[in-house]
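Chemist: Chains as they are written, first to last, in our numbering: chain Z, 1 to 486; chain P, 1 to 328.
These are calculated hints, taken from the structure and not from any lab test. A quick note: this is a predicted structure, and the numbers were derived from the prediction, not measured. Among these hints, one or two may not hold up.
[Claimed, not checked] Pair ranges (Cβ atoms, derived):
1) L467(Z) with D201(P): 24 to 30 Å
2) I288(P) with P447(Z): 20 to 26 Å
3) L84(P) with D176(Z): 48 to 54 Å
4) I56(P) with I474(Z): 32 to 38 Å
5) R362(Z) with M99(P): 44 to 50 Å
6) I56(P) with S384(Z): 24 to 30 Å
7) D201(P) with P365(Z): 23 to 29 Å
[Said to hold, decoys possible] Calculated lysine-lysine pairs in the DSBU-like style (CA-CA distance at most 35 Å, straight line):
8) K92(Z) with K207(Z)
9) K132(Z) with K90(Z)
10) K132(P) with K227(P)
11) K210(Z) with K165(Z)
12) K132(Z) with K85(Z)
13) K104(Z) with K123(Z)
14) K104(Z) with K231(Z)
15) K132(P) with K12(Z)
16) K104(Z) with K90(Z)
17) K210(Z) with K92(Z)
18) K231(Z) with K207(Z)
19) K366(Z) with K134(P)
20) K165(Z) with K85(Z)
21) K92(Z) with K231(Z)
22) K92(Z) with K132(Z)
23) K12(Z) with K134(P)
24) K227(P) with K12(Z)
25) K67(P) with K283(Z)
26) K90(Z) with K165(Z)
27) K140(P) with K366(Z)
28) K104(Z) with K92(Z)
29) K13(Z) with K227(P)
30) K13(Z) with K132(P)
31) K227(P) with K134(P)
We treat Cβ as the ideally placed atom computed from N, Cα and C, and that holds for glycine.
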Amino acid sequence: MTTHMPDDSAFKKQLAVRNSRSARWQMFFLAATSAGIVMLAILLMSILNQVFGLVAVYQLADPNTLVNGNPVVAASAPDLANVLKDNLTKGKMQALLLNTVIGKDVDRALLSGGAITQIPTLKVVPADLTTKGFTELTPDDLSALLAANLTSTQLEAIVLEQIVKQEVLQSWNFIDSVFNRGAVEQTVQDRIAGVGLSPTLSADQQKEAKDQWQNATIEWRSWLNIDLLEKSMSATATDAGVRGALVGSIWVLTLTMGIAAPLGIGAAIYLEEYARDSNYRSKWIQRFNTVIEINIRNLAGVPSIIYGLLGLAIFARALGFFTSGQVFTGEEATGRTILTASLTLALVILPVIIINAQEAIRAVPKSIREASYGLGATKWQTVSQQVIPAALPGILTGIILSLSRAVGETAPLIVVGAAVFLSQDPSGPFSAFTTLPIQIFNWAALPSDQFRNLSSAAIIILLIMLLALNAIAIVVRQRYSRRLQG
Amino acid sequence: MEAKLELNRKTALLTRAIPQKAAYSDGGTINLSRRIRPGEEFIHTILLICGAISIITTVGIVLVLLKESLLFFGSGELDLVEFLTDTVWQPVIGRFGIMPLVTATLMTSLIAMLVAVPLGLGAAIYLSEYAKPKARAILKPTLEMLAGVPTVVYGFFAILTVSPFLRNMLGQDTVQFQNMASAGLVMGFMIVPTIASMSEDALSAVPRSLREASYGLGGTRLETTLKVVVPAALSGILAAFILGVSRAVGETMIVALAAGSGPNLTFNPFAAAETMTGHIVRISGGEISYNSIDYNSLFAIGLTLFLVTIVLNLISQYVTNRFRESYE
Chain Z
1 MTTHMPDDSA FKKQLAVRNS RSARWQMFFL AATSAGIVML AILLMSILNQ
51 VFGLVAVYQL ADPNTLVNGN PVVAASAPDL ANVLKDNLTK GKMQALLLNT
101 VIGKDVDRAL LSGGAITQIP TLKVVPADLT TKGFTELTPD DLSALLAANL
151 TSTQLEAIVL EQIVKQEVLQ SWNFIDSVFN RGAVEQTVQD RIAGVGLSPT
201 LSADQQKEAK DQWQNATIEW RSWLNIDLLE KSMSATATDA GVRGALVGSI
251 WVLTLTMGIA APLGIGAAIY LEEYARDSNY RSKWIQRFNT VIEINIRNLA
301 GVPSIIYGLL GLAIFARALG FFTSGQVFTG EEATGRTILT ASLTLALVIL
351 PVIIINAQEA IRAVPKSIRE ASYGLGATKW QTVSQQVIPA ALPGILTGII
401 LSLSRAVGET APLIVVGAAV FLSQDPSGPF SAFTTLPIQI FNWAALPSDQ
451 FRNLSSAAII ILLIMLLALN AIAIVVRQRY SRRLQG
Chain P
1 MEAKLELNRK TALLTRAIPQ KAAYSDGGTI NLSRRIRPGE EFIHTILLIC
51 GAISIITTVG IVLVLLKESL LFFGSGELDL VEFLTDTVWQ PVIGRFGIMP
101 LVTATLMTSL IAMLVAVPLG LGAAIYLSEY AKPKARAILK PTLEMLAGVP
151 TVVYGFFAIL TVSPFLRNML GQDTVQFQNM ASAGLVMGFM IVPTIASMSE
201 DALSAVPRSL REASYGLGGT RLETTLKVVV PAALSGILAA FILGVSRAVG
251 ETMIVALAAG SGPNLTFNPF AAAETMTGHI VRISGGEISY NSIDYNSLFA
301 IGLTLFLVTI VLNLISQYVT NRFRESYE
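Next up, chain P with everything else stripped away, as it sits in the complex:
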């Protein structure tokens, strides 16, 4: 009897819709099948579609970027090798080399990381290892306000205050009005909270026993922090750095205002040069006509940008998962 009931229950689950009846010892029956509830199924489907929107978005992004990029490369004006290696981006004369845009993006991101890594990691160590709970409760939310300021405000700040400051310090001739240094510096401060809060999470996850062991051996607080806690949290910290780079590469409004408004192949941080994102914003800012090569070229830049950030994000996730030290 028991076994039969169990079997019936299993078939009921398997076949779902077919009504199954089980006999009781007194001769009565009970319907054990799963009832069909069209309303429930309908809601389930609707919710599934909501979930699928994210996939549709990704597929949409990839398809759009690929399609327009193919039109760009199929226009006969250039091939992929030229796109990647030519050092001049001047649509007017038909030269589309992405190099100057890429170097500007690299330069601004590098400057940003030079600011954000020491400050972000320093802040994370202070908040996690040194600060008293009261100080932490004030410092942390204040620091995170930096991440809430709209990027266009940072961009305005860069040209209003930082760039004139650099020009006064180093000379009007050395530093151009728009320059990669001021954009990178400000961007660095924007990224500090990202790195600080991710690194702090990683540091806080290191078990207390490791610290106690280090103190027990006579280590100072600094030695405990730098030789025990930070190495133990390294994967999380690295992931934070990589995510920071990805944010710097994709950041748009700061570089659009402060870094420069024309492609320029240079490694001089005080020169103006346009980044990939800055170029997309400037070109699409006017009423750009569809079917022009300018329009298509934006998508080729977008595709490059998308690939770079996706790879960085995936590396960041991989590092977090692969090198996570697990403690009980």
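Bound-form chain Z, shown alone:
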């Protein structure tokens, strides 16, 4: 008589092996779950590591003593204008007045002859200058005009840009700055001695670089600051900011929501309320509805870059006369505008909005509809006054969450033709555009350390926007569902 059961000691041994194997695998499963979370933590830390740290700053003049020994920050407009006069040539002063006050588009004839009071953009003219022409102005006059027409904040920015000319020679990340200060000092000493400078520099440039390092100050800098939000694109890291990109992102998101939300909700209502209704069904309509359902599921899986190609060929090119605003202004322009970007992005998030809204509508109890019909309401009265209000929190949450996808979406916008360089902020649906993630991409692709710092700071802003959107989604859901209960 044989038995398949092992004897007692063998069984216990086997059981111990099985249990220990079970425990080992449990460790693996826990590790797999934690791995992703650990990665997320490393990601956040390595980005924060780039946002704060030491920088070697070189500047031509010290902004703290520039205005007769006083700091630039507190100085009055005439004082700042005087500093400009003392440090710049007459030609530069003229160019400044032209660029900042008069505007480059001014009629050139007004500049070459006649009194400056004729120039419409020159608002304030001191009494003693009213008879002078533009070319007759002395540096003192130019300085007075600048002081009269610009605020001290504007002049401060000009002084910093034209005279202080701050330049970041090198930046260090947070960990090196805190725990490896010695290596930072060593690098500075090396550079002063000429070690580690680019070998392609000529002898003169080498000397200049050494001088810059000699006079450089080492200081702490947070790359995430108000300046970053206020400054626009620039080729030099210290002058670069995200204002244009941020404005572009807000424009694109607003328009995207305006286009995608009504379409998505409409489609969801159709699929949930009308397509399932036997009164509206013929065989063909029935097939059509099935095709729409399958199609939406498939569209949700199409890579967003494909939508970019669609946007490029249809919205930017074929409909370029419309998306460029040509039909409204008559001006020849390209279709690579905010409107094109928004239309493309709307198509990207449409399936997500539809699927979420469908779920929200499906969750509304059938009894509510029956009660409404029983009171004699029509289809649309039932849908608009009973179903939609009941499903609204779910629909809104879905829209906000799809927006948080749109915020970070980059690839389709690059493909439809984001501007490589923006000279002015986007100001409407027909402006050329760039957005925050595209700005991050462009900076990240540059080799310089400082642009990596900027890129990291911009990523923090992007993540804050995402968190804000998600927080709004949570608040909306809670507030509305409470109201429905009460």
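Take the given structure of chain Z and dock chain P to it, following the hints.
Modeler: Just chain P, lined up with the frame of chain Z:
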């Protein structure tokens, strides 16, 4: 009388607009026809158009990709066979072989799946079979945050941290600055939540009675999980894997930043090579002129990409529906 009313109701539904009258026994009449409500019909039409936008989008995608691809193949520079088999993609010398772009896409996707499959499935098993409700309530949303991070941030992370790390570990000469390994690794972590949450749904759908039966026979928790629950949920898990592959193939910003900026036919994961999506982004990034062969070539790549992802998505849906084990 009853029968007549019923008949009238039926004809009313069939003919819709024609008013029908039914006689009551006391001689009065009632209009049983469906009233025409132009407002309702109008709203119905508007909503139908909203629904149809998705179809228009799909048709638009297919038409645009086909039209521009036909222009590309009709340019006389190359034919379909050359496009699919040539091993060099160099528009400057008129060589358009998609092979190097496809192999790079395959390599990065493969590396991503090597990371995402064990981690995603492991996480799904832990969350569904092992974690206590409290731990689950914290772990799951945290893990899903990985899916919410914009991909451009992942790309930046790959070149900022992962690539230098690999270079320090394996040597600056072995690992190039941009390389498929770092792009694939980071992409894998991005896909983990997709696979984890889909697989977890499949695992949770397996009825409790199966687990109880296994425990009753003396199975350990591991044996129950691997020999009973996972096989029962296999179709859902497979569908999750395939969807993961489809996401990896279509992923753009990570590979555009980290994988490479030039087509390169290589299977060395530490070499730089440009994927299909990366190439589209780099070429369209500048102000590309319409009617150039470069412009048309983007759509040929796009068409290839579209077909690959659509096929993968359809397989995923088919697997889910066809092999779904149904329990009461």
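Chemist: All hints are to be evaluated individually against the structure, with a verdict given for each.
Modeler: Structure-based check of all given hints:
1. For the pair L467(Z) and D201(P), the supplied restraint of 24 to 30 Å holds, since their beta-carbon distance comes to about 26 Å.
2. Taken as a hint, the range 20 to 26 Å holds for the pair I288(P) and P447(Z), whose Cβ atoms sit roughly 24 Å apart.
3. A C-beta distance of roughly 49 Å is found between L84(P) and D176(Z), which places it inside the suggested range of 48 to 54 Å.
4. A hinted range of 32 to 38 Å holds for the C-beta pair I56(P) and I474(Z), which are about 34 Å apart.
5. About 46 Å separates the C-beta atoms of R362(Z) and M99(P), a value consistent with the hinted range of 44 to 50 Å.
6. At about 25 Å, the CB distance of I56(P) to S384(Z) agrees with the hint of 24 to 30 Å.
7. At roughly 24 Å, the beta-carbon separation of D201(P) and P365(Z) lies within the given 23 to 29 Å, and the hint holds.
8. About 27 Å separates the Cα atoms of K92(Z) and K207(Z), which keeps this hinted pair within 35 Å; it holds.
9. Proximity of K132(Z) to K90(Z) is assessed by CA-CA distance (about 16 Å); at most 35 Å being required, the pair is judged to hold.
10. Between K132(P) and K227(P) the CA atoms are separated by roughly 21 Å; this keeps the pair inside 35 Å, and the hint holds.
11. Of the supplied pair hints, the one linking K210(Z) and K165(Z) holds, its CA atoms being roughly 17 Å apart against a limit of 35 Å.
12. Annotation: proposed proximity of K132(Z) to K85(Z) holds, straight-line Cα distance about 19 Å (limit 35 Å).
13. A hinted pair counts as satisfied when its Cα atoms are at most 35 Å apart, and K104(Z) with K123(Z) qualifies at roughly 15 Å.
14. A threshold of 35 Å between alpha carbons decides the hint, and for K104(Z) with K231(Z) the separation of about 20 Å falls inside it, so the pair holds.
15. Restraint check for K132(P) and K12(Z): the C-alpha separation of about 28 Å stays at or below 35 Å, so the hint holds.
16. The hinted pair formed by K104(Z) and K90(Z) meets the criterion: a straight-line CA distance of about 18 Å does not exceed 35 Å.
17. At most 35 Å may separate the alpha-carbon atoms for a hinted pair to count; K210(Z) and K92(Z) meet this at roughly 28 Å.
18. Taking the CA atoms of K231(Z) and K207(Z), the gap is about 32 Å. The hint holds against a cut of 35 Å.
19. Between K366(Z) and K134(P), the direct Cα distance comes to roughly 34 Å. Compliance with the 35 Å bound is thereby established for this hinted pair.
20. The hinted pair formed by K165(Z) and K85(Z) meets the criterion: a straight-line CA distance of about 16 Å does not exceed 35 Å.
21. Restraint check: the Cα-Cα separation between K92(Z) and K231(Z) comes to about 22 Å, which is no more than 35 Å; the hinted pair holds.
22. Simply put, K92(Z) and K132(Z) have alpha-carbon atoms about 19 Å apart, close enough for the 35 Å limit, and the pair holds.
23. Under the criterion of a C-alpha separation no larger than 35 Å, the hint pairing K12(Z) with K134(P) is consistent with the structure, at around 34 Å.
24. For the hint pairing K227(P) with K12(Z), the CA-to-CA distance comes to about 22 Å; that is within 35 Å, so the pair holds.
25. Of the supplied pair hints, the one linking K67(P) and K283(Z) holds, its CA atoms being roughly 32 Å apart against a limit of 35 Å.
26. Distance hint between K90(Z) and K165(Z) is fulfilled; the C-alpha atoms sit about 19 Å from each other, no more than 35 Å.
27. Proposed proximity of K140(P) and K366(Z) is supported: the alpha carbons are some 32 Å apart, at most 35 Å.
28. The suggested pairing of K104(Z) with K92(Z) holds, with an alpha-carbon distance near 14 Å, which does not exceed 35 Å.
29. Proximity of K13(Z) to K227(P) is assessed by CA-CA distance (about 21 Å); at most 35 Å being required, the pair is judged to hold.
30. About 29 Å separates the Cα atoms of K13(Z) and K132(P), which keeps this hinted pair within 35 Å; it holds.
31. For the given pair, K227(P) sits about 26 Å from K134(P) by alpha-carbon distance, which is consistent with the 35 Å threshold.
When each numbered hint is compared with the structure, no violation occurs for any of them.
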